[in-house]
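Chemist: For reference, the chains in residue letters:
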Amino acid sequence: MNKFAFPRLNGFQDLENFYDSFIPQLMQGNVRGAIFELSNLTFFPPEALLSLVYASRLWHRMTGHVVEWQLENEDTLRYLERMDVFSVFADCVTAPALPSDLWSRGSSGNLMEVRTLSDELEQNSLNDVPHILAIAQDLLLGRVTAERMGAACTLLSEVTQNVTHSGSQGYALMQLYKVGNGRRVHIAVGDTGLGIPDSLRRKYPQVGQSSDYLKKSLESGITSRDIGNGLGLYQVQHLVRNGGGTLTIRSDTAMLQIYEGKIYQWDNLTRIPGTQVFITIWGRHQKGDWDYLLPMP
Amino acid sequence: MIVLRLADIAREITSFPSLLATRLAGKRFWEQLQIRLREPDMDVVIVLSFAGVEVMDASFADEVFGTLAARRARKDVSFGAVILVDANETCIENLKMALETRADRESPERERLRNCVLPVLKGDEMTLIGKFEDHVLQSFGLLSKHKTLTARDLADILKLNLNAASTRLKTLADLGLALRTEIRDAQGKQFIYHTLQ
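For the record, the sequence lines run as chains C and B. First residue of the first sequence: 1, per the numbering used here; consecutive thereafter. First residue of the second sequence: 298, per the numbering used here; consecutive thereafter.
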């Protein structure tokens, strides 16, 4: 078994450290199962959840084996159950059974469980995205202002539509954290298909490094399609900036981050398939809960 | 004046008519809307009500209203004037983004849009949303103030020559921001321009 230990999950750098060991083992064509040792964790950030289900899906797709998530903390187990991880990823994740007295689905109004997103245009646009928005709307109503509810749904909609560019199924989740008098909204969307740099390179061959393509994807009018409009991610970055939020896009060997209004680009990271988009908006973004920026070189 | 509720039209393409989202849904919606906008009487103003719409994302806004405004600006369509009402902040924000950036997102081979604009009614006040030339805003403001204008009136107010004033008012009508009626009197044929309300 290939064991990957997670002594902590406190920021994007921890996820990068994981990819540094996980992806090379995956690429070796290892036909064994894998273990994610998560016993030490008492807090499971939504950003980490998306990344670990993404990694489990990849492992299963490439090796045919499941990933065993070793967990001891009952709160963590309850959280994963609430997020529907063991149902949506039943084919690729195993975990200890949650004691029935801790089973708490439906008890928390602060999160939207992991939802799958088809890459097929009609299914994605006319079914998956509207369903997700309806759930998000229910979750946000009464917890944030109508204006913020609309902005959060716009963010979710624009990012989840983009899964159709990847050629692979995607996943989305959303969570609210109470901070002071308000709430911070976290949105995470990922897929294991064609990443942003590869999808744009054909149409825009001279842009530069992978992170330059991520930056390019945020410009108005940039799309991988021959006929398209390229408005979605432009509006996403606009809303994030206006809401004092953060945006992290991880794709291929690159990461782009918008944090405190500034853009940060990272290249030469471990190559990962597909794209992961993480948004947090409103409320304080305390350092220590989750470290957004990768350490400066 | 004909009032169309967007949520009613959306019911034909989605089970979530309060959530107008995605580019494909926008395309389907536009097909439906076009049928309803083909009113034979060009002087009839069509009011599009957002009542019951809680979210309209930018992609949907672009596919429906960006297309409407761009095609009207290029004189590709011959619909009567349209007014948007009852739109919440989210819908306005995404509509604004779609219309303001439309010209930059179109193929450079197309003739560049100078105006991509729609009128929005909020309370008693009619405002323009999108991208528009300064003279469009100025003429629209004067027409709103005076309710009706002829080219001669505008020429006198702005100290323009008659041709320039006439072109300005015709541009307003072409963009769906004014109604135009023709009268014939002792001085010959002339047009009177009216506000949409």
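Do not rely on the hints blindly, as some may be mistaken.
Here are some chain B residues pointing at chain C (derived, C-beta under 7 Å) [claimed, not checked]: (1) Leu316; (2) Ser356; (3) Asp383; (4) Glu386; (5) Met394.
The calculated lysine-lysine pairs, modelled on DSS-like cross-linking and capped at a C-alpha distance of 30 Å, are [said to hold, decoys possible]: (6) B:Lys324 - C:Lys215; (7) C:Lys215 - B:Lys456; (8) B:Lys324 - C:Lys203; (9) B:Lys456 - B:Lys444; (10) C:Lys262 - C:Lys178; (11) B:Lys456 - C:Lys216; (12) B:Lys393 - C:Lys203; (13) C:Lys216 - B:Lys393.
Examples of chain C residues toward chain B, derived with CB under 8 Å [to be verified]: (14) Leu133; (15) Gly221; (16) Ser224.
Simulated from the structure, these hints should not be mistaken for lab results. For each residue, glycine too, the CB sits at the ideal point set by N, CA and C.
Chemist: For each hint, tell me whether it holds in the structure or not.
Modeler: A quick look at each hint next to the structure:
1. Leu316: Holds: closest Cβ of chain C sits about 5 Å from B:Leu316, inside 7 Å.
2. Ser356: holds, 6 Å
3. Asp383: Violated: closest Cβ of chain C sits about 14 Å from B:Asp383, beyond 7 Å.
4. Glu386: holds, 5 Å
5. Met394: Holds, about 5 Å.
6. B:Lys324 - C:Lys215: Holds, because 28 Å separates the two Cα atoms, which is no more than 30 Å.
7. C:Lys215 - B:Lys456: Between C:Lys215 and B:Lys456 the Cα gap is close to 48 Å, so the pair fails against 30 Å, i.e. violated.
8. B:Lys324 - C:Lys203: holds, 24 Å
9. B:Lys456 - B:Lys444: holds, 19 Å
10. C:Lys262 - C:Lys178: The hint holds at about 25 Å.
11. B:Lys456 - C:Lys216: violated, 46 Å
12. B:Lys393 - C:Lys203: holds, 28 Å
13. C:Lys216 - B:Lys393: Roughly 22 Å between the alpha carbons, so the hint for C:Lys216 and B:Lys393 holds.
14. Leu133: holds, 5 Å
15. Gly221: holds, 4 Å
16. Ser224: violated, 13 Å
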